[in-house]
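Enquirer: Could you build the full structure based on these sequences and the hints that come with them?
Residue numbers (the numbering used here), protein chains in the order written: chain A, 2 to 320; chain B, 47 to 333.
Please keep in mind that the hints were generated in silico from the structure rather than gathered at the bench.
Just so it is clear, the structure is predicted and the values come from calculations on it, not from any experiment.
Where hints are given, some of them may not hold.
[Stated by the list, open to error] Result set (DSS-like, lysine-lysine): computed pairs, CA atoms no more than 30 Å apart in a straight line:
#, chain 1, residue 1, chain 2, residue 2
1, B, K134, A, K260
2, A, K237, B, K148
3, A, K57, B, K132
4, A, K237, B, K164
5, B, K164, B, K96
6, A, K260, A, K50
7, A, K57, B, K96
8, A, K57, B, K134
9, A, K260, B, K164
10, A, K260, B, K96
11, B, K132, A, K237
12, B, K96, A, K237
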Amino acid sequence: MDLKFLDFEQPIAELEAKIDELRFVGDDSEVNIGEEIERLKTKSRTLTKSIFSGLKPWQIAQVARHPLRPYTLDYIGAISPDFQELHGDRMYADDPAIVGGLGRLDGRTVMFIGNQKGHDTKERVLRNYGMSKPEGYRKALRLMRMAERFHVPVVTLIDTPGAYPGIGAEERGQSEAIARNLFTMARLRTPIVSAVIGEGGSGGALAIGVADRVLMLEYAVYSVISPEGCASILWKSADKASAAAEAMGMTAERLLELKLIDEIVPEPLGSAHRDPAATAQTLQNALVTHLRELVALSTDELLAQRASRLAAMGAFRDG
Amino acid sequence: MSWFEKLMPSRIKTERRTRSVPEGIWLKCNQCGAQLYRAEVERSLFVCPKCAHHMRVGARERLAMFLDPDSEREIGERLAPTDPLKFKDSKRYRDRVTQAQKDTGELDALVSMTGKLKGQPIVACAFEFGFMGGSMGSVVGEKFSRAARYARENRMPLICFSASGGARMQEALFSLMQMAKTSAALAELAEAGIPYVSVLTDPTTGGVSASLAMLGDINIGEPNALIGFAGPRVIEQTVGETLPEGFQRSEFLLEHGALDLIIDRRNLRDEIAALLAKLMKQPRPAD
Chain A
2 MDLKFLDFEQ PIAELEAKID ELRFVGDDSE VNIGEEIERL KTKSRTLTKS IFSGLKPWQI
62 AQVARHPLRP YTLDYIGAIS PDFQELHGDR MYADDPAIVG GLGRLDGRTV MFIGNQKGHD
122 TKERVLRNYG MSKPEGYRKA LRLMRMAERF HVPVVTLIDT PGAYPGIGAE ERGQSEAIAR
182 NLFTMARLRT PIVSAVIGEG GSGGALAIGV ADRVLMLEYA VYSVISPEGC ASILWKSADK
242 ASAAAEAMGM TAERLLELKL IDEIVPEPLG SAHRDPAATA QTLQNALVTH LRELVALSTD
302 ELLAQRASRL AAMGAFRDG
Chain B
47 MSWFEKLMPS RIKTERRTRS VPEGIWLKCN QCGAQLYRAE VERSLFVCPK CAHHMRVGAR
107 ERLAMFLDPD SEREIGERLA PTDPLKFKDS KRYRDRVTQA QKDTGELDAL VSMTGKLKGQ
167 PIVACAFEFG FMGGSMGSVV GEKFSRAARY ARENRMPLIC FSASGGARMQ EALFSLMQMA
227 KTSAALAELA EAGIPYVSVL TDPTTGGVSA SLAMLGDINI GEPNALIGFA GPRVIEQTVG
287 ETLPEGFQRS EFLLEHGALD LIIDRRNLRD EIAALLAKLM KQPRPAD
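Expert: And the structure:
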């Protein structure tokens, strides 16, 4: 099985393997098989399109966690080549599971902040699989405060399974660190745009996700708990993750319907990792559109809009 | 049940009494095992007279013991949950809600009131842990936000007694967003210069701990309350070791700087009234 492909993508993997084989034959054969390759490529594209148009929420969650999916620093690198990373919370440590720093977007200085996962085993361990500790959220808070002071917009990229559930994290106030970020972002006197680029996992995601606009990549997911966690609590069995993913409505499409996010950023055929450069470009365009609208507002108007947006969150009956 | 208990009347009916502490003339302390006379336990605010264990109390009992008698008026009392996702796990969310409403007499897991504390007008909220583990969904978020807004508009201090397992999974992302909504309401309250006192009671974890409960100008824990972000079982699974004795208890949080104070329930009224009087620059409250 090819690791580049998820299990439901295996028909595509087989076709791609056939194409590679033919190419190999083509190299040292006099027979012209270009036509056959073209035919198979078209078939592969059609197949990919049909598989990806019918993905179930649980399959989308797997795409969102795909090991080849671009991560925060990949997007920032593509969007803002002169990005300079800034480190540390000034209190305890530098948490590599959250990155942040100054860059440029649309000719404007921007503070980028995002969850960071690793591309290989070594980096995954270093980045703690994208799960932050309090020092990570406090670094993000420090950078947001700096952005406010210099009136620089904040762009956050969300991609985390959740906040790290460890002993040290609890000792250093994981709850307080997350809560403080929600509290501060709600009233931060500069525009904030967030984009969920992969996994939006619970409070650990929201801790950098309170914003004037929330975007989601087409195959990103965003939920209050992982489908596995939800299944093991409510169904008493982690095997029901697929049912939990369905029930929670964690896909971009569903969350847009529920008006919990503002825009879906489309991904290339077969999802972001098939063409990271194109994905970064689409994401950049979406960020720029929203930032232009937000920087045009006065700070008081911006905060009033953010407050009414947050106050309107919820579905209930009154009387 | 002993033969003696069987002879006793099984229930003394009280209107809208919540059942965090089981009813009956006698009750047993689940910490030291002492058989206690219910009326005596009520007088000591459900703190065991033998071992000072703080038993869990329902939202209405909590507010009744905290506010001055006959001073209270409820805020958002008609708010009730809907089921935007038509959520169904092993049971339907609708049915879980109906059952919880029947069990507790509440429409959802938070009660908000305005009333007086030693004559000082305040706004107070309390979580009903018996309602789906005190979980925070849209109704809890809205009720809390309305209470915070009422406090801001009327310049009254806000006090919240939390007891919650966290966000309500059956409302999925709606419940996650309540963390942002309640924190935003508190940020506006803080901007207006109104004090907010958060009392964390057993247990306060997950999304409630990681939002409104940890945002007090003053954070107070009841003795030995479980307070944390992740539940102890999740942490044990993650780190693969047994947790030390007292981990995530109030005393542990005080030691690590997350709480200002630990206060015995029987002194909460006095202590909070004294703190608020100082923050509101008022004379010392009468005893």
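Enquirer: Now tell me, hint by hint, if it's right for this structure.
Expert: Structure-based check of all given hints:
no. : hint            : result
1   : B/K134 x A/K260 : 21 Å, holds
2   : A/K237 x B/K148 : 24 Å, holds
3   : A/K57 x B/K132  : 17 Å, holds
4   : A/K237 x B/K164 : 47 Å, violated
5   : B/K164 x B/K96  : 28 Å, holds
6   : A/K260 x A/K50  : 26 Å, holds
7   : A/K57 x B/K96   : 57 Å, violated
8   : A/K57 x B/K134  : 17 Å, holds
9   : A/K260 x B/K164 : 44 Å, violated
10  : A/K260 x B/K96  : 53 Å, violated
11  : B/K132 x A/K237 : 20 Å, holds
12  : B/K96 x A/K237  : 38 Å, violated
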